[in-house]
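Protein sequences appear in the order of chains D and F. Be aware that the first sequence starts at 25, since it is given in our numbering, and climbs by one per residue. Be aware that the second sequence starts at 93, since it is given in our numbering, and climbs by one per residue.
Since the hints were derived computationally from the structure, they do not count as laboratory data. In this text, all values refer to a predicted model and were calculated from it rather than measured experimentally.
Below 25 Å or equal to it, Euclidean Cα-Cα: the simulated SDA-like pairs (lysine to any residue) are:
1. Lys124/F to Tyr765/D
2. Lys505/D to Lys97/F
3. Lys505/D to Leu94/F
4. Lys118/F to Ile732/D
5. Lys908/D to Phe134/F
6. Lys175/F to Pro699/D
7. Lys144/F to Val770/D
8. Lys139/F to Arg163/F
9. Lys697/D to Asn177/F
10. Lys715/D to Ile694/D
11. Lys398/D to Gly370/D
12. Lys473/D to Glu169/F
13. Lys139/F to Gln768/D
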Amino acid sequence: MSQSFRLENIGLINRDKKLSFKFNGVTYYGYEGDTLASALIANGVHLVGRSFKYHRPRGFFGAGVDEPYAIVQLYRNGETEPNIKATEQELFEGLEATSVNCWPSVNFDIGAINNFLKIFLPAGFYYKTFMWPKSFWYKVYEPFIRKAAGLGVASTKHDKERYEHKYEYCDLLIAGSGPSGLASAYAAAKNGARVILAEDKPRHGGTLLTSEVNIGNQSGREWADGIISELKEMPNVIVKNRSQVFGYYDHNMLVMSERISDHLPKTKKFHPKQRLWYIRAKEVLISSGSIERPIVFGNNDTPGVMLSSAAKEYLKVYGVLVGRNPLIFTNNDSGYETAIEFKKNGVDPIILDTRKDPQSEIVDEAKNLGINIKFSHVVVAAQGYKKVKSADIAKISDDKEQLGKVESIKCDCICVSGFWTPTIHLASQSGNKTKFKEDIDAFVPGISKQNETTLGAANGSYVLEETLKSSFEAGQELSKKITNNDNEISFPNVAEKKSTTHDKFWCVPLPEGKNYKRFLDFQNDVSVSDVEIALKEGYRSIEHVKRYTTLGMATDQGKTSNLNGLQLVSNIENKVVPNVGHTTFRPPYTPVSIGAIVGREVGKHSKPTRKSPMHSWHEKNNAVFVDAGVWLRPRYYKQGNENLFEGSKREAKNVRTNVGVCDVTTLGKIDIKGPDAAELLNRVYTNAWLKLPVGKARYGVMLREDGIVMDDGTTTRISENHYHMTTTTAQAANVLSHLEYYLQLVWPELNVNVVSTTEQWAGAAIAGPKSRDLLQKLFPNSDVSNEGLPFMGFIEGDLFGVKARIFRISFSGELAYEVNVESDNGNFMWEKIMEVGYEFDIQPYGTEALSTLRIEMGHVAGSELDGRTIPYDNSLEGLLSKKKDFIGKRSLNREAFTAKDRQKVVGVVPLDKKTSIPEGSHLVKDSNAPLPNPKLGYISASCWSVEHDNPFSLAILKDGKNMIGEKLFVMSPLKNKVIPVEIVSSHYVDPKGERVRS
Amino acid sequence: MLYIKCPHCGMRSQNEFSYGGDATVKRPELDKEISDQEWDNFVYNRKSLRGKHWELWQHLSGCRQWIKVERDTATHEIFNTLKANEEIS
Ligand SMILES: [Zn+2]
Chain D
25 MSQSFRLENI
35 GLINRDKKLS
45 FKFNGVTYYG
55 YEGDTLASAL
65 IANGVHLVGR
75 SFKYHRPRGF
85 FGAGVDEPYA
95 IVQLYRNGET
105 EPNIKATEQE
115 LFEGLEATSV
125 NCWPSVNFDI
135 GAINNFLKIF
145 LPAGFYYKTF
155 MWPKSFWYKV
165 YEPFIRKAAG
175 LGVASTKHDK
185 ERYEHKYEYC
195 DLLIAGSGPS
205 GLASAYAAAK
215 NGARVILAED
225 KPRHGGTLLT
235 SEVNIGNQSG
245 REWADGIISE
255 LKEMPNVIVK
265 NRSQVFGYYD
275 HNMLVMSERI
285 SDHLPKTKKF
295 HPKQRLWYIR
305 AKEVLISSGS
315 IERPIVFGNN
325 DTPGVMLSSA
335 AKEYLKVYGV
345 LVGRNPLIFT
355 NNDSGYETAI
365 EFKKNGVDPI
375 ILDTRKDPQS
385 EIVDEAKNLG
395 INIKFSHVVV
405 AAQGYKKVKS
415 ADIAKISDDK
425 EQLGKVESIK
435 CDCICVSGFW
445 TPTIHLASQS
455 GNKTKFKEDI
465 DAFVPGISKQ
475 NETTLGAANG
485 SYVLEETLKS
495 SFEAGQELSK
505 KITNNDNEIS
515 FPNVAEKKST
525 THDKFWCVPL
535 PEGKNYKRFL
545 DFQNDVSVSD
555 VEIALKEGYR
565 SIEHVKRYTT
575 LGMATDQGKT
585 SNLNGLQLVS
595 NIENKVVPNV
605 GHTTFRPPYT
615 PVSIGAIVGR
625 EVGKHSKPTR
635 KSPMHSWHEK
645 NNAVFVDAGV
655 WLRPRYYKQG
665 NENLFEGSKR
675 EAKNVRTNVG
685 VCDVTTLGKI
695 DIKGPDAAEL
705 LNRVYTNAWL
715 KLPVGKARYG
725 VMLREDGIVM
735 DDGTTTRISE
745 NHYHMTTTTA
755 QAANVLSHLE
765 YYLQLVWPEL
775 NVNVVSTTEQ
785 WAGAAIAGPK
795 SRDLLQKLFP
805 NSDVSNEGLP
815 FMGFIEGDLF
825 GVKARIFRIS
835 FSGELAYEVN
845 VESDNGNFMW
855 EKIMEVGYEF
865 DIQPYGTEAL
875 STLRIEMGHV
885 AGSELDGRTI
895 PYDNSLEGLL
905 SKKKDFIGKR
915 SLNREAFTAK
925 DRQKVVGVVP
935 LDKKTSIPEG
945 SHLVKDSNAP
955 LPNPKLGYIS
965 ASCWSVEHDN
975 PFSLAILKDG
985 KNMIGEKLFV
995 MSPLKNKVIP
1005 VEIVSSHYVD
1015 PKGERVRS
Chain F
93 MLYIKCPHCG
103 MRSQNEFSYG
113 GDATVKRPEL
123 DKEISDQEWD
133 NFVYNRKSLR
143 GKHWELWQHL
153 SGCRQWIKVE
163 RDTATHEIFN
173 TLKANEEIS
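For reference, chain F alone in the conformation it holds in the complex (with noise of 0.2 Å):
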């Protein structure tokens, strides 16, 4: 069980989140127009890597704010986390 660091409440059992995907996907502006592809970038097109990753993660039993996750999809270490209003630097 992944031990995550919430920025908001500190170390935290995983089973207090729940995962949200990529983190370093963008919604496009709303009224904007944009082609298909990118349009299928965002809704479905994914890496799936293997490595370092910045994920999301809600911490829903806590504070539930969403946060963003540095971690290495392979080993499970996790470098960094950030506030959703962070950037990934």
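Chain D with its partners taken away, still in its complex shape (with noise of 0.2 Å):
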């Protein structure tokens, strides 16, 4: 087919470039530089999709954001994606795309999947047609809606496109590039203010590129080129085309999406498809323009129907008529404007104005052109099913309330004017209390609340010379206000028509007898008959009238309906517009795709992964990684097939006969030092610190302060003020923000620093009856036996030529030491403790042997200290000082914490010595009491104990002093399992803790 909508000599597309793209499997072609929706009408597609609730055609009503119809499935390079505006997506060489039902997204807000259904149908609709018969609703209803809720498909494949984030700063921030936009972006600019510019369009200049206005000697448009070349030079401006400003948060932050290769077949290699922007600006200008309204009349979403402004669009930019046989129905000068175009290109338009007898420069135009203007007359209803192929019009009496004889004209198009509407959702969102203005019968911004200033017709001024003039003065003041330049700016002669006013005229009344329905939300399918359900049914708060019938609730998020809505409830309640008020705007002013809000973070990237310097060397040895927080461990080394059952008891098995090594670098790692330091740990930990002798380390928990344990480690004292305090992976950080919270706000007067050190030092557990010999050999020079090292002890000592210090503490309850040195030797380390341990039969072990090793030996970790247990609860009441005050200590005689039944930690073995128990699972006294069975406690840890081969739990467990021999069972409903068990000691190896200290 080939594009017979489409003009020669007129339009801002590319006619050198050709391209191919397919429309539900059709294939069409168009130029560079047209959207979707400019290269189908130009080859006469005016039937885009169909309307959900009464599956009406769907065809195309703007020209852009506004779009409330034409919203596509695209495809893109073997990739898909829902809900793409038609009329904002560009056209690529090799386009294709689909219809979707129309209907509101999911996407749009993602969190309203659930309750969708009860909210989003109308009432008329949902609560009345579907809930009926009841046995309907799951068999034939749900499935109905489900299928057609949303308007387009989601991929469920990974997203291959690469989608950033950027944060930026600047002094003034301009949503939009129209001629408000430009004229305060240069004066800005020319003051020397860091200025970014967003245009949510490809072309700069607004209305300037549709409009016949000379500014200085040349065209709007060609100033507006002159401006955009002359900032795009200047080093302090940020010029973005295809960028939306969509949201205006706290502290004037902005949010803008940039579509940097939306408009291409592929991605480019390195590029993001999409950016989001975090701009923090001194000052917002929003000059966002506005959009044109449309007049209410039977039958006006039939295809060809369309917003006169958008029709003059895709003429003036596209080269493309929206039809040969328009018919424009205004209330105002602007369709005059397109009824101009149409003329000068050769087509006689016809002109149906509401108003009697209006005088203007533009109207005498249109008088001397010859153009056929009906006044007084209105089009009470479009006629035609696919495509508008006449009308029904009449005269309207001076009152507005009587037609006179219907009579019908062919037309193939109507373009409709009602006015335009403020584009105010940035300001709103902003906090700013908008106001009505009653000349222009629109909401526009009143006091701001952040630093926002709206321009132009975003303001409600819809004269050019006005908008220049209030914008380059704004930019001007406002740059002047940061940059203390004050730069004269000489203001350009602006050649523009004078219109006159127009008449408040929005909604058709029904002929006798007619009972068409007249639209006023095209997306969501609401007319002026639900809105009028709704009030007869007692919904007055503009609030519940929106959300009973979904009025202004699409993804357009009613930029064409709000304000006919407000119209239709104020006169319906006999109140003003102002009265019955407007909903809230809230951000994204236009749909965001999911991908661009997410950015890189996803999948590897949702967080840093941190590994140790020992890394390479476990990939090499077959390490098997688990997530530890952010670091990477290794759960296990395996050998040959072996899975992770098998391996951990090998590692752990080995540990307890001859020795292993673990690496222990994730551990957190606190460097303190001051004259105050043993004080702090004094009242930072619940045991006595005062008097820990230089070289020796201490075992110490510490509590919040309700009592809970928040973390437990071994300190060590390095000098007379220097101590070395070690923490648990997970908590590292809340440790040190715990210490820097009591250091600098609670305890200013002691004089102690504290630093994380857990990057600086690379370390390794050697565990194990053989450790010492092997310690022996790695450090020659040192005396490391019983009296030189003796347990909790302490010393510096020399790796081969690497300085290194060493720490005799067990976590394994075997005999251990821990060795440090700095990270850039910890691979050197690693391998030397392997290569001298050859002898003694070394194996690396993983994060399960450990476990392993020390559940069976009854140490509390993270399982226990689970930010509910007390001291008491995990055996651990013995570090309790009873002589000094510490952090939370003044919470431990609660009453619930000292209850005779307090729970405590015990161990749990299968009465079968075979079964494994599940973590998580609950211990009852009686497997068959009828639910809920009382729980007694809950497994927090499980192992196959090396020692005793069978499966060994520690369980938190009510009165767990008092139950030791007791019978109980666990049970675990998830996974269907009954086991009888026998309460044990939770140290179930070497109980006496004589291996550590031989």
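From the two separate chains plus the hints, produce the assembled complex.
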């Protein structure tokens, strides 16, 4: 099919570059610079979808972001994307698109999916139709609605595209590059302000692209081009097109989505598809313009009925005729501009003007061109099914109540202009209390809450000269405040045609005996009668009417429907519009793709990955890794076909019989220095710290103020005023903040400094009966005998030329040491340990074996110190000093914490010594008791004891102290398991702790 | 996203900070005999005010200093920020 609606000598498209594309399987051609919409209209295609509720044909209504109908499923480079506006999607070679059902998108508010059906479906539709008969709901209605819900189909594949986030700061952010945006940006930029000028369309200029005006001695468009090229050359200005500022948040933070690659057949290598900008602006200028509003009449949703400004844009920007027989239906002068453009391009329009006798330059020009104008006339109804074929028109009385004789005239499109609605979304989002402006029948921004100024048409000023003047001034004044420059800009002469007042007419009455649907909200199929019903049924608040009828709740957020809805409510309620009030605008102004919001924080990049300096050694030696917070840690080192159970058992057994080495780099480490360091430790930990000698380590437990255990670890006195604290991997950051809190706010008199040294040290735990022999060979010059380095001792040593710290501490219950070297030497240390340890049958062990070893010796860890337990619960009450106060001590005498049957950690062994006990299972007295079966406790950690060769678990059990020897049941409804167990001591291995001291 | 003036570093975005609760709560002195009620007021009982409120924030991804911020909990307006050792007036 040829582009039979394309004109030859008009438009800004690149006719040298012809592009082929497919819509619903049919191949068409368009030009570079087209949108999918303009290319389809050029090919005479006006049917792009169906409405959900009434299945009425849907065409094009606008030419940009306000489009309520033309939403398509897009296919690009092997990917598909739903909910793309054909009026915004730029054409590229090979573009494919298909129609979708028009219905509010789940994409708009993903969290509302479940409420979707209840809230969004219109009252008369869902509540009344679909509720009966009840059995139909599950079988018929719900599947039907679910299928229809959502405009398009989201891809289930991983999105291969890349989306980026960017943070930017500027003096002035200017949203919109129409006349006011250009003028204010130019003035501010000349004053040296850092300016970001954002335009959502591909072309800058806004209305200057389509209006017949002169600025200086150039056309409006040439002036715009000149300003843009000058701004682009300035180092203090960022000029962005295809960039929508969609959200205005607290403290002048705005978010903008930039569509970088959506207009290309394929994203360029290393380029993102979209970029989300977080912009902190000192001042914000909102120059987002205005959107034409429709006039409501019968069948006003028929394809071919569109905004008059859209028809003009298709003509002037794309060289496309929306029809050859246009009918212009207007209540103001704007419709005339469209008619004049048609006439100039050889097409004869008819103008229906609701006004009786308007006098203005534009009206005169239309008259002089010989355009057929019918004053005091309205369109009663559009006729035609898939495209407008004719219009029923009538004369209307001066009071706009009575229609004259209805006659039919032929036309193939109806271009509607019901005057202009300022785009106040951003101002409203910022907290601006908007006000109703009588002379334009619309809301405009009122008193600013944040540093925001609205200019031009967005502020209700539709005269170019005024707009330019106020915008130059605003740009200059606001930038002057920031830069202290005061650059005078000579104001250009503006030549524009004067227009006269609009007619406050917005809805055509129904003719006698006719019941045409008159739509207010085109995307959600909300008609005048729907709102009338809602009001009849007692809904009064505009917010309620909105939700009951879904007016303005579609993905277009009522850009073309809100004000007419308000007019209707105010008419019926006999109130003025400002008393009805408008609903709240919330970001995003227009749908934003989820990919852009997520940015690069997907999959592996959703959080940083931290690796120890020995990571590559682990990799080379078949480590199977596990996430431990943000760290990757070896879970076990796989030998042959071993699974986790077999591998970890082997590793743990080797620790108990020979010697093992474990990478403990991830442990949190905090360096503490200062004359009051001991005093700080004494207040932070529950046990006594003032008398710890240099060269000694001590185990400590710290509480929160509410008495709950916060963390545990060993701290070593390195020298007089220097301590080395270790924390658990998970709590490292919290403990540091905790210490800083007390040092900075509570006890600033303590002279202590704390700093995290987790990354500075690589750590290796060497554990097992042969560990001392190995250590002696690693440090031949140090005395590591039981006397030279006793349990909880610390020395510094020389590891083949590398300085090392040696701590005699144990997590496994075996004779054990922890060696620390500077991170850069971590791998060297590890390789030396493995090399020297060969003769002692050393094996590396991972976190699974580490857990096994600590569980069977009853050492509590994260699964017991879970933010719900106090020291007693973990059998750590022996560490509570009675002689001194410490953080959280006062809470420990709370009634629940001192109860006689308080929970306590115990060991759990299955009676059959075979069945593994799932972690998280519950302990009960009677497995057959009626539900709810009283729970006595829960399994916190499970392992296969390598010492006893049977399963062993730790549990937090009510009255655990007196339960040793009891027989209970472990129940795991999730795994459908009931296991008879015996309660034993939590110290299943070496209860006296002799090995660590041997 | 709030824009918070760290008294040490200047204006920084909220995502560099972590929230630390009511800044007017004073920890009872160590070793002091106090009633259960006083202790509960320190550990648990908070007013959750609407309006101007002094609260603690830590400049976690910056200078790591705890600071005091006077903020309107309803409008998010920030009126004043103080260093940890500066008294709320
Ligand atoms: Zn700071």
